[in-house]
Amino acid sequence: MIDIQKQRDYRNIPIDKVGIKNLRYPIKVMDKSNGVQSTIATIGMFVDLPHQCKGTHMSRFVELLNLFREQVSLDSIDNILEDMKTTLGAQSSHIEITFPYFVEKEAPVTGCKGLMDYICSIHGSSTPERDRDMVLKVAVPITSVCPCSKEISKYGAHNQRGEVLVSTRFKRLIWIEDMINLVEGCASCDVYSVLKREDEKAVTERGYENPKFVEDVVRDVSQILNDDENITWFSVSAENFESIHNHSAYAYIENGDRTNF
Numbered sequence: 187m188i189d190i191q192k193q194r195d196y197r198n199i200p201i202d203k204v205g206i207k208n209l210r211y212p213i214k215v216m217d218k219s220n221g222v223q224s225t226i227a228t229i230g231m232f233v234d235l236p237h238q239c240k241g242t243h244m245s246r247f248v249e250l251l252n253l254f255r256e257q258v259s260l261d262s263i264d265n266i267l268e269d270m271k272t273t274l275g276a277q278s279s280h281i282e283i284t285f286p287y288f289v290e291k292e293a294p295v296t297g298c299k300g301l302m303d304y305i306c307s308i309h310g311s312s313t314p315e316r317d318r319d320m321v322l323k324v325a326v327p328i329t330s331v332c333p334c335s336k337e338i339s340k341y342g343a344h345n346q347r348g349e350v351l352v353s354t355r356f357k358r359l360i361w362i363e364d365m366i367n368l369v370e371g372c373a374s375c376d377v378y379s380v381l382k383r384e385d386e387k388a389v390t391e392r393g394y395e396n397p398k399f400v401e402d403v404v405r406d407v408s409q410i411l412n413d414d415e416n417i418t419w420f421s422v423s424a425e426n427f428e429s430i431h432n433h434s435a436y437a438y439i440e441n442g443d444r445t446n447f
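Everything in the sequence shown is counted per this note's numbering, starting at 187 for the first residue and increasing by one.
Because the hints were derived from the structure by calculation, they are not lab data.
Note that CB positions come from ideal geometry on N, CA and C, so glycine has one too.
Some hints here could point you the wrong way.
Said to hold, decoys possible - Quick list of in silico lysine to aspartate or glutamate cross-link-like pairs, DMTMM-like style, CA-CA up to 25 Å:
no., residue 1, residue 2
1, Lys218, Asp319
2, Lys299, Asp364
3, Lys214, Glu249
4, Lys336, Asp402
5, Lys192, Glu249
6, Lys218, Glu370
To be verified - Derived Cβ-Cβ restraints for the label pairs, each shown as a range:
no., residue 1, residue 2, range
7, Cys298, Asp413, 32 to 38 Å
8, Arg197, Arg347, 47 to 53 Å
9, His344, Gln277, 51 to 57 Å
10, Tyr211, Asp189, 23 to 29 Å
11, Asp414, Glu256, 29 to 35 Å
12, Gln277, Gly371, 41 to 47 Å
13, Lys299, Trp361, 16 to 22 Å
14, Asn412, Glu256, 32 to 38 Å
15, Gly241, Glu401, 47 to 53 Å
16, Tyr211, Leu359, 19 to 25 Å
17, Glu290, Gln191, 42 to 48 Å
With these hints in hand, go ahead and build the complete structure from the sequences.
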C-alpha cells in the first residue's frame, strides 16, 4: 500500500512538534502510601518532523504508550521519550501526561475519611540541546482568610477557596504527596472532602487564626522549595476565587537554574 507519510515534502519547512493530544488512557502512577495507583490520564505525545518529510506516523505514538501504561515513573517516561525518537526517526520528543491523583484524608476532629483529588501533570522532553527535561506540576486546592478583612472587621473575615499550582524540576524523585502536604501547610487551611460539624468548626477557626494573602502563600511555598537541594527550578502560583469580588487574586514566583538538571 502507498504510504503518503513517507513521501517527500518540497516546502522545506520543518515542524517543531507533531503528534497526538487529548488521548484519554488508563495508567498506573507511583503512590507513596500504596505503591501504585490506577487513574485515567489525558496524554499528548509529539516529535519534531524534518523539512523533507511529509508526515509522521500517528499510530506509533499509541503503540508506544501501550507498552508503558502499567506504570508511569521517571524511568518509564525517559524510555518513552527515547523510543519515540527511535521509532519515529526524530531528533526531539515530548510527552504531557495530566491525571487526577487521589489521596485519602481524615477530617481533623472526627477522623472521617474521604478521597481528595488533585490534578497533576508530568511534562517530559528530550532534545539535542537538552538530553532530558522533566517537570512535575501539582494543583492543590486551599482555603484562605483575608488578613486585611480580619483586621478591620468587627465580625469575622471574608474567606474563599483557592488553588496553588507548583511546578518543579528536580534531581531525584519527588512524591506527589509531599508536594501536596507542603502546599497545604502554607495555606490558611486545607480542603477536605468530608467534614462533620465538629470538623467544620475546627477548619473555620484554623483558617481564621491563620489569615494569608496570595502573596503570603507563594512566598511561604517558595521559601521551602528554595531550601530543598533536590529542586533545581520551580514556579509557584496562587489564585484565590474571591468571595466578595467578581475576580480572582493572583500571585506568581519563579526561581531556579533551568539548565542545572
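Against the structure, the hints:
1. Lys218 with Asp319: holds (23 Å)
2. Lys299 with Asp364: holds (19 Å)
3. Lys214 with Glu249: Holds, at about 17 Å.
4. Lys336 with Asp402: holds (15 Å)
5. Lys192 with Glu249: At roughly 19 Å apart (the allowed maximum being 25 Å), Glu249 and Lys192 satisfy the hint.
6. Lys218 with Glu370: holds (17 Å)
7. Cys298 with Asp413: 32 to 38 Å: holds (34 Å)
8. Arg197 with Arg347: 47 to 53 Å: holds (50 Å)
9. His344 with Gln277: 51 to 57 Å: Cβ of His344 to Cβ of Gln277: about 53 Å, so the range 51 to 57 Å holds.
10. Tyr211 with Asp189: 23 to 29 Å: Holds, at about 26 Å.
11. Asp414 with Glu256: 29 to 35 Å: Since Asp414 and Glu256 have Cβ atoms about 30 Å apart, the given range 29 to 35 Å holds.
12. Gln277 with Gly371: 41 to 47 Å: At 42 Å between Cβs, range holds.
13. Lys299 with Trp361: 16 to 22 Å: Given range 16 to 22 Å: holds, Cβ gap about 20 Å.
14. Asn412 with Glu256: 32 to 38 Å: holds (36 Å)
15. Gly241 with Glu401: 47 to 53 Å: With a Cβ separation near 48 Å, Gly241 and Glu401 satisfy 47 to 53 Å, so the hint holds.
16. Tyr211 with Leu359: 19 to 25 Å: Between Tyr211 and Leu359, where Cβ atoms are some 22 Å apart, the hint holds.
17. Glu290 with Gln191: 42 to 48 Å: Roughly 47 Å apart at Cβ, these two residues keep to the hinted range, so it holds.
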